[in-house]
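Protein chains in written order, with the numbering used here: chain A, 15 to 324; chain B, 15 to 324.
Read the hints as simulated data drawn from the structure, not as lab findings. One or more hints might be untrue.
Any copy, or any two copies together, can satisfy a pair, since identical chains are not distinguished.
Cut-off 27 Å, straight-line C-alpha distance, at most; resulting in silico cross-link-like pairs (BS3-like, lysine-lysine) [to be verified]:
1) Lys259 <-> Lys105
2) Lys183 <-> Lys60
3) Lys183 <-> Lys95
4) Lys95 <-> Lys227
5) Lys259 <-> Lys227
6) Lys60 <-> Lys259
7) Lys227 <-> Lys183
8) Lys227 <-> Lys79
9) Lys227 <-> Lys105
10) Lys79 <-> Lys60
11) Lys183 <-> Lys259
12) Lys183 <-> Lys105
13) Lys60 <-> Lys227
Just so it is clear, the structure is predicted and the values come from calculations on it, not from any experiment.
Here's the letter readout for the chains.
2 protein chains.
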Amino acid sequence: MSGIMFKRMALIGIGLIGSSISHAARRAGIVGDITGSSSTAATRAKAEELGLVSKAYETAAEAVKDADLIILCTPIGVYGKIAEDIRPFLKPGAIVTDVGSVKASVVRDIAPHIPDGVHFIAGHPIAGTEQSGPESGFAELFDGRWCILTPEPDADRMALARLEDFWTKLGSQVEIMTPEHHDLVLGITSHVPHLIAFNIVNTAAHLERVTDKEVIKFSAGGFRDFTRIAASDPVMWRDVFLNNKDAVLEMLGRFSEDLVVLQRAIRFGDGETLERLFGEARAVRRGIIQAGQDTNAPDFGRRPASDKQS
Amino acid sequence: MSGIMFKRMALIGIGLIGSSISHAARRAGIVGDITGSSSTAATRAKAEELGLVSKAYETAAEAVKDADLIILCTPIGVYGKIAEDIRPFLKPGAIVTDVGSVKASVVRDIAPHIPDGVHFIAGHPIAGTEQSGPESGFAELFDGRWCILTPEPDADRMALARLEDFWTKLGSQVEIMTPEHHDLVLGITSHVPHLIAFNIVNTAAHLERVTDKEVIKFSAGGFRDFTRIAASDPVMWRDVFLNNKDAVLEMLGRFSEDLVVLQRAIRFGDGETLERLFGEARAVRRGIIQAGQDTNAPDFGRRPASDKQS
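One chain only, chain A, in its complex shape (with noise of 0.2 Å):
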């Protein structure tokens, strides 16, 4: 065990993010105490149950008193309240960071709140999972993944540092980068997935042609690989693309582009094209599993067998 780093951490929000960093610095034995907010009823008192925090608060600003270490892990689009509320209560030298998956927006409506003498610095730890909530936590959930942190160019390196071995503690590979540069990279490798499986299951469901029941039975085709992604928290998503507007449009319209040059290829035959760019892809998928960023179990490892049996 490493020794306490914090003394006391607040998780505002207790949902899949901020149970998993309950469970995750338990296990590395690096927080004293939790304590935690949300704002419904239910969640506290699962949080509670579970032994996620000592306490949950109704609050922000109740549960940010006293505390070394505060992470912001609801929706980001209610962060600007939340750092307003919490303004008031934060204890000098604390340090502020946060999850949420877009960065600029986020320094944007958290860094004007922000009191001299209590550091700021943005995160992202990019890992999760389709559900949510606080019993959907677990401690293995950042193992070798990475979080990014996106620092403004005065921050202090001191909480900077310690910030980065708290991630490191918890299982992370830290990355640091410029928010901007953070909601380019997260617009292309997260949040146009996201956009695009949100999308055919909605076009699944909507054709007329092909029933509702028949897309479910015949899913194991592929489709079914976008439904799990497309039942993500659907508030934690409409706040990601409210916030991230311009990246993703860019990295929409490029994904458009390329799609017409598919469909063409299609339209006319040539087999060459369609051969050649699906070859190309195959490699992309090598990198990943070289990198330890994805099993390389065939199905993702699935059971094989139907799980509705056991």
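Given the coordinates of chain A, assemble chain B onto it according to the supplied hints.
Showing chain B alone in chain A's frame:
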């Protein structure tokens, strides 16, 4: 064990599906001898070494001699040529079927070559992984999955019943439909999802402002899910798109139309529309899990830690 249904089965093409049929048929104890053919010497050697077939021939014509059940398991682009080649060697009373991902074009390519007294019934097991080759098959691949058969209106009822029984004993559930309806259903549940996956992987690989290395490192944000599907066999998929042009272009048109709605909602900050459409997509996932067509384990049950260490 159910007893031998077919004294000799010939697998024309011994890749993921052909080898899995061999494993599953052996597990069920329903075939006597299994022969096979592949134009690739390495595949023939591997198939014999693994015991998938008693003898692997270079040509389909050699493999079908004395076979009671012949299953075409090559990319569908060569089906017409194979049907022409095997025609003189088909045993009276034999059943010819296939596993191709498109059905109308397959019926068009094969049916004219089937002599009187031989039964042709096209089929498609909705199962697979991103891997290919004779060593990638396994007996459980079809367990709990659907197999669609698309018999012509005058198909022999006894042959159809035997083929249904065969697929049931391999672990599948069987559904009957017309080739044209099959191609529409699979257009949306399989072909368009694959096209989109191939496309986004290539879009990501050709960005100027985000490096390939970054795409790979941060792929756990959603992108990596698409790369699995995009790692599927390029030749097989080329042939699918060349042979299901109309349905794919129709479904792709709907997809692009729907994507424009999301794109506009993002551009104009319409969070209500985004949240509503994202929420609807969740319900489809639940349906798929309830139908036993995917696992309920978070993240497909992927092992959370990186596999590279193991």
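Status of each hint after checking the structure:
no. : hint              : in the structure
1   : Lys259 <-> Lys105 : neither (34 Å within a copy, 63 Å between copies)
2   : Lys183 <-> Lys60  : within (26 Å within a copy, 46 Å between copies)
3   : Lys183 <-> Lys95  : neither (30 Å within a copy, 60 Å between copies)
4   : Lys95 <-> Lys227  : neither (43 Å within a copy, 36 Å between copies)
5   : Lys259 <-> Lys227 : between (34 Å within a copy, 24 Å between copies)
6   : Lys60 <-> Lys259  : neither (34 Å within a copy, 51 Å between copies)
7   : Lys227 <-> Lys183 : between (46 Å within a copy, 24 Å between copies)
8   : Lys227 <-> Lys79  : neither (52 Å within a copy, 41 Å between copies)
9   : Lys227 <-> Lys105 : neither (55 Å within a copy, 39 Å between copies)
10  : Lys79 <-> Lys60   : within (22 Å within a copy, 67 Å between copies)
11  : Lys183 <-> Lys259 : neither (33 Å within a copy, 52 Å between copies)
12  : Lys183 <-> Lys105 : within (24 Å within a copy, 67 Å between copies)
13  : Lys60 <-> Lys227  : neither (35 Å within a copy, 40 Å between copies)
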